[in-house]
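> Residue numbers (my numbering), protein chains in the order written: chain A, 1 to 153; chain B, 154 to 284.
Hints were generated in silico from the structure; no laboratory data involved.
There are no misleading hints in this set.
Partial list, computed: chain B residues near chain A (C-beta under 8 Å): (1) SER213; (2) GLU216; (3) GLU217; (4) TRP220; (5) LYS221; (6) TYR224; (7) LEU225; (8) GLU227; (9) ASP228; (10) VAL231; (11) GLY234; (12) TRP236; (13) THR237; (14) SER238; (15) HIS240.
Only some residues are given here: those of chain B computed to face chain A with a beta carbon under 10 Å: (16) ALA230; (17) LEU239; (18) LEU241.
Just so you know, even glycine gets a beta-carbon here, dropped at the ideal spot from N, CA and C.
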Amino acid sequence: MQLKISDYLKPEAIIMEIKAKEKLAAINELVAHMVENKLVSNGDEFIKALAKRENLESTGIGDGIAIPHARTNAVKDLILAFARSPKGIDFSSVDGKPSHIIFLIASPEGKKSEYILALAKLSRLLRKHAVRELLRNAKEPEEIMDIIKKNEE
Amino acid sequence: MKFERVLLVLTDETDQSILSDSVQVCKNAGSKLFALFIIEPNRIARLASLTHQKVNIVHSKTEEEGWKLLYLLEDEAVENGVWTSLHLDEGNVLHRISHYIESYGIDVLMVKRKDECKKIFVSSSIPVIGL
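Between the sequences and the hints, there should be enough to build the whole structure, so can you do that?
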């Protein structure tokens, strides 16, 4: 299956500096931003699905990255959002370090293969130190999108 | 005997059939499931040479397949209310397993039962479940 992460990330789903200081507040802020930009229809259902995952696992994959995710019919298609936290947020990361880069992924219940593939591609991309550094230093949402586009294979 | 922390060891040789079984074992035992996909650099180099591909291409494919296995496992675990922690690491299988046993206080290992896994059964300091 061919899937490009950059096809699913829109500039209006990017927060260059998130205000929240802890993980559930960060998820709420990101989802509220997506609802405001009409990317998500049912924010409450979406948050509930994300919170269920957060209670059963750590979505902080290490190296300052967190990927909260869920399958939920609160979204109509696979969707990504991005947020950056200069101070970092505790996502109970596997390496114990705070997360500075947060990617949120959601897909409808019926799109499991696409969802798993997007998570796998994004996780692999973000293991690259150079990509993480570029994302941490980007100034504009368009720059974030460019970095993803140029570095995904 | 109660196993609180189970480590499921996955490699590029592991197929999806082990995922459901490991989730069910942890659900029944009320255990936390740590899943570790290990990329073995020597094996990647061998595979690349055998298939006439560049090492970085084989590595990328293996890593992506690893993450897919991990997220498939996690999706099933969440459906079953099993706590999970996903890890992808690189190095010698036995060394990485020892590191995770120590770092996360693992009680029991779960591996796909194959001839290649004999070394894990023989060298492990904790009980091993072969699925």
